[in-house]
Amino acid sequence: MKHLAKRTEGLVQSDIRAVSQMVDAVAGVNLGQGICDLPTPAELRAAAHTAIEEGRSTYSSYSGIPALRTFIRDKLQNFNRISRASEDEIVVSVGSTGAFAVALLSILDPGDEVILFEPYYGYHRHLILATGGVPISIPQRGPDWTLDFDKLESAVTARTKAVIVTTPANPHGKVWRRDELIALQKLAERHDILMVTDEIYEYMVFDEREHISMASLDGAYERTITISGFSKTFNMTGWRLGYAAAPAPIIDKMGLLNDLFYICAPTPLQHGVAAAAELGEDYYVRLKQDYTSKRELMCTTLEALGFDVPWPQGAYYVLADFEKLSTSVAGLGDSRSACKTLIERCGVGTVAGSAFYSNPADGRHKLRFCFAKEWDVLQDACERLGRLVR
1 MKHLAKRTEG LVQSDIRAVS QMVDAVAGVN LGQGICDLPT PAELRAAAHT AIEEGRSTYS
61 SYSGIPALRT FIRDKLQNFN RISRASEDEI VVSVGSTGAF AVALLSILDP GDEVILFEPY
121 YGYHRHLILA TGGVPISIPQ RGPDWTLDFD KLESAVTART KAVIVTTPAN PHGKVWRRDE
181 LIALQKLAER HDILMVTDEI YEYMVFDERE HISMASLDGA YERTITISGF SKTFNMTGWR
241 LGYAAAPAPI IDKMGLLNDL FYICAPTPLQ HGVAAAAELG EDYYVRLKQD YTSKRELMCT
301 TLEALGFDVP WPQGAYYVLA DFEKLSTSVA GLGDSRSACK TLIERCGVGT VAGSAFYSNP
361 ADGRHKLRFC FAKEWDVLQD ACERLGRLVR
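Heads up: the sequence shown begins at 1 in the numbering used here, then just goes up one per residue.
Quick caveat, the hints were computed from the structure, so don't treat them as lab data. A couple of the hints might just be wrong.
Stated by the list, open to error - List time: in silico DSS-like cross-link candidates among lysine-lysine, alpha-carbon distance up to 25 angstroms: (1) Lys340 - Lys75; (2) Lys324 - Lys340; (3) Lys151 - Lys161; (4) Lys151 - Lys6; (5) Lys253 - Lys161; (6) Lys75 - Lys288; (7) Lys186 - Lys161; (8) Lys186 - Lys151.
Given the structure is predicted, the values throughout are model-derived calculations rather than measurements.
Please model the entire structure based on the sequences and the hints provided.
Below, the structure is given as structure tokens:
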């Protein structure tokens, strides 16, 4: 259609949404979409309800209500160890995706290149394209998802504007080590490029690993846009609240764009999340323990079925390889057919690994499983998966 903008040409429904519809059609269990169907903390629900009852329903500042920005500042300073964090350099947006979008719009001109590491989160790639950028994919290799820094260095050009760092990473659970982040910071300094982080799974780190924010490194704050949110930590994917923190010259422009696109994040829900300041450290300890146990159930189930499973270092996804299993089980020709087979035979939804690679063939034998489910739901899904080999 001639009236549509060229930026829409590559836009199609994501595999994740399509799988969700297929699973619903068979009344199955959806381990595809990253929806944590666990309860939102009562304190946050009560605070949001109170805000609604008290009529706090008008626009807030486009940067967010003061109480929420204070909570975010304290969290960035104490948990993320970003000493430079300031309420004046924080913007609350409509989810971390909203923050990511206005970040790209703030820094990219048409044709600017953005490096992202694959397997990648598809929304990152598509938003780069939608905002006029050019995504440049650099592979990470399992099982530890290591990075070839020489290959990364050779990918940088005069058009490179930024690099995306997702830690812990969706879809494979990579947690960046300090030495890796320092090496990336040095590269960014050599080439004068920005670093944009996605840290939405920051509280879900396993096996004594540590979540390290890029902006916490000496000298890194000035060229880093730190993005995170509350959907995963507090089980509120539908509340759509996230944020970005960055130096004033960047965050000021992001705030203005946030105003243009969204005006503000939902005011009563901002009040609800601000109540997270009342949650003690025990909440985050229990969160990590719960996901550690669910990771074990998910990974051991898949291993018992014959999948090759690099256990995720963080987040709540498993990117498992079924190439060996495909020699003995019908219907596993590639990731899309395998995804369909698991829905039809087991009633379990997953995401085809091809969705996470610029060359779909690189993910042809992989499936992503999400274990952010209630225990009984996850156990049901694991039992259903047994039908694959029966």
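Hints versus structure:
no. : hint            : result
1   : Lys340 - Lys75  : 42 angstroms, violated
2   : Lys324 - Lys340 : 18 angstroms, holds
3   : Lys151 - Lys161 : 17 angstroms, holds
4   : Lys151 - Lys6   : 31 angstroms, violated
5   : Lys253 - Lys161 : 16 angstroms, holds
6   : Lys75 - Lys288  : 17 angstroms, holds
7   : Lys186 - Lys161 : 15 angstroms, holds
8   : Lys186 - Lys151 : 15 angstroms, holds
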